[in-house]
Amino acid sequence: MEQESKYNKIIEASLVLFADRGFDATTIPMIAKKANVGAGTIYRYFDSKEALVNVLFQDSVRRFTEKVKKGYPWHQSVRSQFHHIFRCLYEFSQENIHALYFLEINKTSHYLTETSREVLNELLDFVYLFFEKGKEANMIHPLPSHILTAIVFGAFVHIQKLVKAKEIEDPSGLMEEIEERSWHAVKRHN
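Residue 10 in numbering that gives the first Met the number 0 sits at position 11 of the sequence shown; the count goes up by one each step and never skips.
Please keep in mind that the hints were generated in silico from the structure rather than gathered at the bench.
Be aware that a few hints might be false.
Pairwise CB distance ranges (calculated) [claimed, not checked]: (1) E121 - A184: 18 to 28 Å; (2) P28 - Y127: 36 to 46 Å; (3) E121 - E176: 25 to 35 Å; (4) H183 - E135: 17 to 27 Å; (5) A38 - H188: 30 to 40 Å; (6) A154 - K33: 28 to 38 Å.
No more than 30 Å apart at the CA atoms, straight line, and that leaves these computed lysine-lysine pairs for BS3-like [stated by the list, open to error]: (7) K68 - K160; (8) K48 - K106; (9) K132 - K48; (10) K132 - K8.
No residue lacks a Cβ here, since even glycine has one placed at the ideal position from N, Cα and C.
Based on the provided sequences and hints, a complete structural model is requested.
Printed below as a string of C-alpha cells:
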C-alpha cells in the first residue's frame, strides 16, 4: 500500500510540474521534492524523466480518447458531434486540468516514444476524421484538419490556462458561448 501511495505521489507531482513548467524545465529532484520522496524512489518506478513523461502522456491521451469515443453520436449531425467533442474536452479539463497539458504536446517532441506517438495518432485520427466528414458534408471549413484542430484545441487550452492563472474565475458559465464561438471558427460560412 505504501508503494502505491509513493507511486501516486510521483504521478501527481509530475503532472503538476510538467503542466506548470514544461518538460525541459522540470527535473527529477523537483518531482521528488514535490512528491515528498527521494529521487531514488522515482528511479525505482521509472528509468528516466522521459519514461515518466511518456507514461503520463499516454495515460492522459488514452483517457481523453476513451472519453470522446464513449457515447460519440456517430449518426447525428456534425454540430452534435462537435458539441460532444467540445463537452468531453471541457469535462476532461475539469477532471484534471494538469492532464490537459499533455493534449497540447507536439507529436514531434524529442522525448516522446514511438508508443506515445501512436497513442496520440489514434486521437488525432479520430478528430481529423470528424473534420473530414464535416468537410464532406459541407458543414466544416475546408482548411486542413490539423489547422482546424489547432484552432479549437489551441484556443480551449489557452482559455484553461487563463482559468488556472485565475484570470477567469469560473468558466462553466462561459462554456456554451466558448463552444459556440469555436464552432463558428471552424464551420463553413456560405
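Evaluated hints:
1. Range check, E121 to A184: about 25 Å between beta-carbon atoms, so the 18 to 28 Å window is met.
2. The beta-carbon spacing between P28 and Y127, approximately 39 Å, falls within the hinted interval of 36 to 46 Å.
3. Evaluation of the 25 to 35 Å hint for E121 and E176 yields a pass: the beta carbon distance comes to about 31 Å.
4. The hinted window of 17 to 27 Å between H183 and E135 holds, with their beta carbons roughly 20 Å apart.
5. For the pair A38 and H188, the supplied restraint of 30 to 40 Å is violated, since their beta-carbon distance comes to about 55 Å.
6. For A154 and K33, the Cβ-Cβ distance of about 30 Å falls inside the hinted range of 28 to 38 Å, so the restraint holds.
7. For the hint linking K68 to K160, the alpha-carbon distance of about 25 Å falls within 30 Å, and the restraint holds.
8. At roughly 17 Å between alpha-carbon atoms, K48 and K106 fall within 30 Å of each other, so this suggested pair holds.
9. Note on K132 and K48: the hinted pairing is violated, with a Cα-Cα distance of about 39 Å set against a maximum of 30 Å.
10. Taking the CA atoms of K132 and K8, the gap is near 42 Å; set against the 30 Å cutoff, the hint is violated.
In this structure, the earlier hints numbered 5, 9 and 10 are contradicted, and the remaining ones agree with it.
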